[in-house]
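S.K.: Residue-level listing of the chains:
2 protein chains.
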Amino acid sequence: MATKLSGKMVIGQSGGPTVVINQSLVGAVLAARKQSNITGILGARHGIAGILKEDFIDLTTQSVEQLELVATTPAAALGSVRLKPGQAECEKVFEVFRKHDVRYFFYIGGNDSAETAHIIAEMAKQANYDFCTVHIPKTIDNDLKVTDHCPGYASAARFVALAFMGDDRDNRALEGIKVNVVMGRNAGFLTAASALARQEERDGPHLIYLPERVFDVDKFKQDVRAVVAKYGRCVVAASEGISDKDGNPISTTGERDSHGNIQLSGTGALGDTLAALVKEAFPGQKVRVRADTFGYLQRSFPTIVSAVDAKEARMVGDYAVNHAVATGEPGSVAIRRLSSKPYSSECFITPLSSVAREATAMKDEYINAAGNDVTQAWLDYVAPLVGELPKMGRL
Amino acid sequence: MATKLSGKMVIGQSGGPTVVINQSLVGAVLAARKQSNITGILGARHGIAGILKEDFIDLTTQSVEQLELVATTPAAALGSVRLKPGQAECEKVFEVFRKHDVRYFFYIGGNDSAETAHIIAEMAKQANYDFCTVHIPKTIDNDLKVTDHCPGYASAARFVALAFMGDDRDNRALEGIKVNVVMGRNAGFLTAASALARQEERDGPHLIYLPERVFDVDKFKQDVRAVVAKYGRCVVAASEGISDKDGNPISTTGERDSHGNIQLSGTGALGDTLAALVKEAFPGQKVRVRADTFGYLQRSFPTIVSAVDAKEARMVGDYAVNHAVATGEPGSVAIRRLSSKPYSSECFITPLSSVAREATAMKDEYINAAGNDVTQAWLDYVAPLVGELPKMGRL
Chain A
1 MATKLSGKMV
11 IGQSGGPTVV
21 INQSLVGAVL
31 AARKQSNITG
41 ILGARHGIAG
51 ILKEDFIDLT
61 TQSVEQLELV
71 ATTPAAALGS
81 VRLKPGQAEC
91 EKVFEVFRKH
101 DVRYFFYIGG
111 NDSAETAHII
121 AEMAKQANYD
131 FCTVHIPKTI
141 DNDLKVTDHC
151 PGYASAARFV
161 ALAFMGDDRD
171 NRALEGIKVN
181 VVMGRNAGFL
191 TAASALARQE
201 ERDGPHLIYL
211 PERVFDVDKF
221 KQDVRAVVAK
231 YGRCVVAASE
241 GISDKDGNPI
251 STTGERDSHG
261 NIQLSGTGAL
271 GDTLAALVKE
281 AFPGQKVRVR
291 ADTFGYLQRS
301 FPTIVSAVDA
311 KEARMVGDYA
321 VNHAVATGEP
331 GSVAIRRLSS
341 KPYSSECFIT
351 PLSSVAREAT
361 AMKDEYINAA
371 GNDVTQAWLD
381 YVAPLVGELP
391 KMGRL
Chain B
1 MATKLSGKMV
11 IGQSGGPTVV
21 INQSLVGAVL
31 AARKQSNITG
41 ILGARHGIAG
51 ILKEDFIDLT
61 TQSVEQLELV
71 ATTPAAALGS
81 VRLKPGQAEC
91 EKVFEVFRKH
101 DVRYFFYIGG
111 NDSAETAHII
121 AEMAKQANYD
131 FCTVHIPKTI
141 DNDLKVTDHC
151 PGYASAARFV
161 ALAFMGDDRD
171 NRALEGIKVN
181 VVMGRNAGFL
191 TAASALARQE
201 ERDGPHLIYL
211 PERVFDVDKF
221 KQDVRAVVAK
231 YGRCVVAASE
241 GISDKDGNPI
251 STTGERDSHG
261 NIQLSGTGAL
271 GDTLAALVKE
281 AFPGQKVRVR
291 ADTFGYLQRS
301 FPTIVSAVDA
311 KEARMVGDYA
321 VNHAVATGEP
331 GSVAIRRLSS
341 KPYSSECFIT
351 PLSSVAREAT
361 AMKDEYINAA
371 GNDVTQAWLD
381 YVAPLVGELP
391 KMGRL
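These protein sequence lines are chains A and B, in that order. Per full-length UniProt numbering, residue 1 is the first one in the first sequence, and the count goes up by one each step. Per full-length UniProt numbering, residue 1 is the first one in the second sequence, and the count goes up by one each step.
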């Protein structure tokens, strides 16, 4: 593009929030303020839904102090949405953009949001409307393609690791079998982060079940019995997305969102199902079995943010704006890991089509042969993202 | 008592752990090391169960560095137990104490543990065995009589407040009705701490249901409809112990522990029941309803400890030992609040019989007239214990 695009920008947040999604928002807004050809900054309330209703917040003049407070606050400050716009809605989005002289659109979200951004970018091209759309990655599921990892993931992983550290001490104090259900519809990244809770060989979680492997009820019962025989107790990490060999979720309420995804979170059904299975595994014996479902705290609990995550979430927002202004080319921001020790990373741009729609899952090398634990390669991947964890004392 | 008791001490931990229960342990152990007439310090593994099996850890010589690491680690480092000893078991306990020349017994726990301590103290008196038992208070439920509040409570309350702060932001971003189930069998102290999450008038939790008030299903539906009409969303805090007018728990698995208490935690049943009721409240409408049960994270999650709680948990352990050595009199340590602004407190001794068995619940002045919220008096009571909370930014 010979001349730089000049006009307003719209930024929106979409999908399940994270504790650092506002870092990306603030990173983008502060970068845009330095660009003279971005003539105004509009925040869309509740993503695409807000654009359709022309429900914008002017972010051109908010104080930096206020924005910095927003940056460290969990959950989408603009409001979020789970809406996959159809053809008619995309056309309406364009109408709004033209009306407000919007030339830049930044959408912070997961693969569904990347798809929305992609559709809008394609429409702009066909309409010969000079316009640039950049997708800013965000998801606690860590399931976006191309990127090494996704902003939002490491903090949720840190919550899960801390939760298992404390819960394992609790289970050691009052012995029994404890099942914890972790978020992650189709990818086990978040559940697998529970392994970071282990500091000594006897520490839990002792078993980790991921959606990347078939969940076999009989094998599960055998696994739990074996751990109890060895340690007198057992802590289990189970992904909410575990399914049987036919691909049926082990437990679900049957409700679906507007993307057609089955509701797995916001219910204790799977935990209770697994607890019942554990009791079956010890017929005639009085065993103490408890199940917790970590739920929405994984993506919203304040004060546990990973420092790497906060920094990178800011970085991808900043990079998206600078890339858009410099090149005018649509794309999705991705993260390349340069080094694990000491950890360092950089941003790059990948085509929207490479991230949109399809998600990814854990590599085989991260999962053990028995399909009930992770490998050292996984720990090497995830530990630098989550950061140092408190040392557990013991007598 | 004319001459000070001289001999070994046993210390044990009992009941549901907390994140500061080890502060009390370490406070007592370090105080005991300064007392020349405490000739040895034995930690009982899993409380009374460990004493019966003579399963002790020698705490006389552990390094202070190791003990300080234990102090900041969640959950009973000695192991805990839910065992109410009978007459025969208490006699066996004495046999073990005599055998090891144990003259001091410190039991860290709730009202059930105070009762155990009381029974043992009475037996010692009848047996003319020179011996001193002191109960060191601990419970996230905050339901001990006499004391202003219980060590362990404030940190759990801080977890609950932080969880609601983040979750309310999440609910604001993706609007709907969210129900969070909080621990607290018969007392609403922990559920009521959710009110600390509010920083502005529209912030959740918008409704708070405590076990001190009858839970009426129709009233609940009306309440939720009214909040949704006002704010377009609703966050509910519900105690796991809420019951109907006949005293029946709204939801339970029916399992009981050895104290005869019904199992309420470690299951998502109540959350799912309440979510189903919310859906019934909006017949024919598509409403987004989610429920989380905070579960064991409330008592075990590391890194969120209240500074006041950590300090006081240490203080009660230290006080118990110094009191026992100085007076030889049995009792339970309690906390007296001297001032709320700035916060200060001191320890005193109350008879074991005044704390044993019966628990307490929230005062009427802490609950609003409608029975679905707390009062300013409650916030004045709880805020200094929980400490400063992060400020939530907003656009």
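Be aware that one or more of the hints could be misleading.
Per the computed footprint, the stretches of chain B lying under chain A, defined by three or more beta-carbons under 8 Å from a beta-carbon of chain A, are [stated by the list, open to error]: (1) 80 to 93; (2) 151 to 165; (3) 335 to 342.
These are calculated hints, taken from the structure and not from any lab test. This one's a predicted model, so the numbers in the text were calculated from it and none came from an experiment. Just so it is clear, CB atoms sit at the ideal spot from N, CA and C, and this is done for glycine as well.
S.K.: With a C-beta cutoff of 8 Å, work out whether three or more residues of the segment 335 to 342 of chain B approach chain A closely enough for the coverage to hold.
M.R.: Answer violated; 0 residues pass the 8 Å Cβ test.
S.K.: When I compare C-beta atoms, does the segment 80 to 93 of chain B have three or more residues closer than 8 Å to chain A?
M.R.: holds (count 3)
S.K.: Is the listed coverage of the segment 151 to 165 of chain B by chain A valid when you require three or more residues with a beta carbon under 8 Å from a beta carbon of that chain?
M.R.: With 3 residues in contact (Cβ-Cβ under 8 Å with chain A), the coverage given for the segment 151 to 165 of chain B holds.
In this structure, only the earlier hint numbered 3 is contradicted, and the remaining ones agree with it.
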